[in-house]
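Each chain is listed here by its residues.
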Amino acid sequence: MQFWVIQTLNSFALGGLLFLLSSGFSLIFGLMRVPNLAHGAFFMLGAYIGVSTMGQVGGNFWLGVIGGGLGVAVLGGVLERFILRRLAGNEQGQVLVTLGFAFIIADLCLVAWGGDPIPVPAPSYVNRPLFFAGLAFPTYRFVVLGVAVAMAVVLHVVMDRTRLGAMIRAGVDDMQMARGIGIKASQLFTIVFCLGAALAGAGGVLGGPITSAYPGLDADMLPLALVVVILGGVGSLLGAFVGSFAIGFIYNFGIALFPDLAYVILFLPMVLVLVWRPQGLFGRLLR
Amino acid sequence: MSRALASAVALAVALAVLPWILGNTFYVNLSSQILIYALFALSINLLSGYAGLTSLGQAAYFGGAAYACAWLVNRVGLDQTTAACAAVLFGTGLAALFGVLSLRASGLGFLMITLALGQIVWGVAYRWVELTGGDNGMRMGARPSPLGLDISRPMPFYYFTAIVFGIALYCLWRLARSPFGASLRGTRDQPRRMRMLGYHVWLVQWVAFVMSGFWAAVAGVLFVYYNQFVSPITLSLQQSAEVLLMSILGGAGTLAGPIVGAIVITLVKNVVSSYLDRWNTLLGVIFVVSVIFMPEGIVPGSLRLWRRFTGAGTAAPKPVAKTS
Amino acid sequence: MEPALHIQGLRKRFGGLPAIQDVSLQVMPGERRLIIGPNGAGKTTLFNLITGDLRPDAGSVRLFGEELLRLPTQQRIHKGLARTYQILTLFPRETLEHNVVLALLGLAPQRWNPWAALSGYSALHAAARAALADVGLGERAGRVVAETSYGERRRLELAMALAQKPKILLLDEPLAGLSQEERQSVQALLTKIPRDVTIVMIEHDMDVALAYAERITVLHYGQVIVEGTRAEVVADPRTKEVYLGD
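Protein chains in written order, with my numbering: chain E, 1 to 287; chain X, 1001 to 1324; chain P, 2001 to 2246.
Since the hints were derived computationally from the structure, they do not count as laboratory data.
Heads up, the beta-carbon is just placed ideally off N, CA and C, and yes, glycines get one too.
Heads up, a few of these hints could be off.
[As the list claims (entries may be wrong)] Covered by chain E, per the in silico footprint, the following chain X stretches (three or more residues, Cβ under 8 Å):
#, segment
1, 1096-1105
2, 1129-1143
3, 1192-1198
4, 1289-1300
Given the sequences, and given the hints that come with them, work out the whole structure.
Right under this line is the structure:
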């Protein structure tokens, strides 16, 4: 029983982290037609920056989360403004550049923070498990889940109720049309790219107490985010949400029950979706 | 035609005398390595160049065949010939399956799905320790002796690789100028029109995908013969990206381009690795720089410069930089 | 006699908007049929449904009695369907000859051959040059499309379709964007097309089109408003209403 409880909670927590990672990825892809392959590296860099920030500010976890998010957002903004912008219209070139940056970021993290995993301390007040009905619940998993769900609500409200959200939705639907009605694509792209990067960076810090910060974290997370987006569909927040928790459960239970085959298990939902619904569960066709 | 024959003879002679000029074992091995990567880059060029389908999962067929070969020889104890054939068949079959899935999308969706599938294969090799040895990789044991010839030493192995490479290059050269090659380029430039002219666009692309997987698998078997060892790095995204970079850097959609790209990247990688340990940063930098400043690649770019310089030649080289 | 093209109850909606509503029409073998209608009447959508670029919601499209809707586009072409595009859809970096060769190859099993040299198929190239000569581009066969004029590209579109020797040819505004002189020369080409090719044409230039067509279908908001001979359609008050009220 304890096993199932823990694994269910772990799955929820992983799903929450995947949502923070893939919602930004999905929005950027939907809006700019660029699958940002540096997104996994953003997540890892966020974790590293977060843990260093905590060291500077006397161990305050939430300042670390903000630091990781902000740091990666700035980097994302620079990447979008000064590099991707130059390649406007050349979508394949843009993807390859993001891939190049993924390698550069990952390698420089190795230089800066070394090859050993760095543990990220959770806030001390959630270190002790909650006991309920004779079972122990790791408290921090609830925190991750809570933050992710809160973030999903905030994003949903922003997308659904605000002017910015309306512009993003219009851009995802049809960028040319959106330009026609006076939406400034340039600003919108930068805002969304920074937002996506910030979500990934903050997600990295938030996941830190579970995953710790280590070289290769990027390569572990990127395929999961890709599978989430293939599953949920490009440019759909709901798709990213459902896909994240689906993959969170499948991957986590896969690892726990069949450690050898976790990746093969990941393959199956992807095949099913690609065969029956190539546009993803909630998205439009990947074209 | 005679010009093609002349270049073929020149290339064959160059490949034959190269080790005698280099002399040193290190350089002979480096040449074998370059030939293996050149074949690998030619394989992905079938997709990313001729078919206009940029794949980021090509390492799956290369590394898959390498693993299969090592596993069959080392763990199953098959004889070398059967193992090699089965390994190539495995890599090609994997490509046939992944092709069906990836071609459900086009453009960047295709790229994303090939990347995800490639990472899944990498994950299997990394996690399924019992089957693959995990992070420790798998040893091959020994090189085969085709037709009873011993190719365990660098020089004979170089010639073995050069012969396989030559056969592959000849096949790909024929393909490039064949009706199927023309069909493939047509589906890249105007898929909708091609359909309207009676072509089964999906099938043309899938066949190209399988052929590409086949040559990647052949390169993978050569690779495991060369290294006598294979590890998850061979299946990694870095590996897929590196080979894509070779074909793009040299000039996608040409035969010479991927070969030039393989020479440049392999040399840079070997030189850099002997001085410092920052290959991934450099790989990333070359990616960014070449995409921004050299979108058409070295071979078409220098041809254009050469033509402008000499004022010769009427037909402009075909630009190959593509947006999907 | 069996109609060359027999469309029944064809329907297509985009989102909630009906683009084609219950269109039925018959085109007899050898006929020259003109389809007219104001912008947005659904003319090109109708072509896209016939060729399979779009999938209809309901209805039937038969070519000499054979149902096309079950077939993917490329198989419909093998049944004898060909079309040209209003927006030029050519291979701009290739020569005119290569463009027509691709058209011919599309119907030939040799298109799968990965080994033989394409340049070795001399019959194919001769046929391509002949098709180009038929549209007055014989001298230009070796030119790259990007270096040719707009009028020449329009004719290349036509040559590619005609080279396939279709039973039914769908022409989507074959005169669009041409000068007066070029119009006349392309019109002369159209008149020369043998009667074993049935032609359905969308055209805006009423003078040219009316002179060419035998029967006319007027499409409006995705519906057939009027259909009949030249004289009948011109005399029909509904035709005037559609055009003058536009």
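Now for the hints, and whether the structure bears them out:
1. A stretch counts as covered by a chain when three or more of its residues have a beta carbon under 8 Å from one of that chain; for the segment 1096-1105 of chain X and chain E the count is 3, and the coverage holds.
2. Proximity of the segment 1129-1143 of chain X to chain E, defined as three or more residues with a beta carbon under 8 Å from a beta carbon of that chain, is established by the 3 residues found.
3. Counting residues of the segment 1192-1198 of chain X whose CB falls under 8 Å from any CB of chain E gives 0; the rule of at least 3 is not met.
4. Closer than 8 Å: that is the beta-carbon criterion, and the segment 1289-1300 of chain X has 3 residues meeting it against chain E, so the requirement of 3 holds.
Violated hints amount to a single one, hint 3; each of the other numbered hints is respected by the structure.
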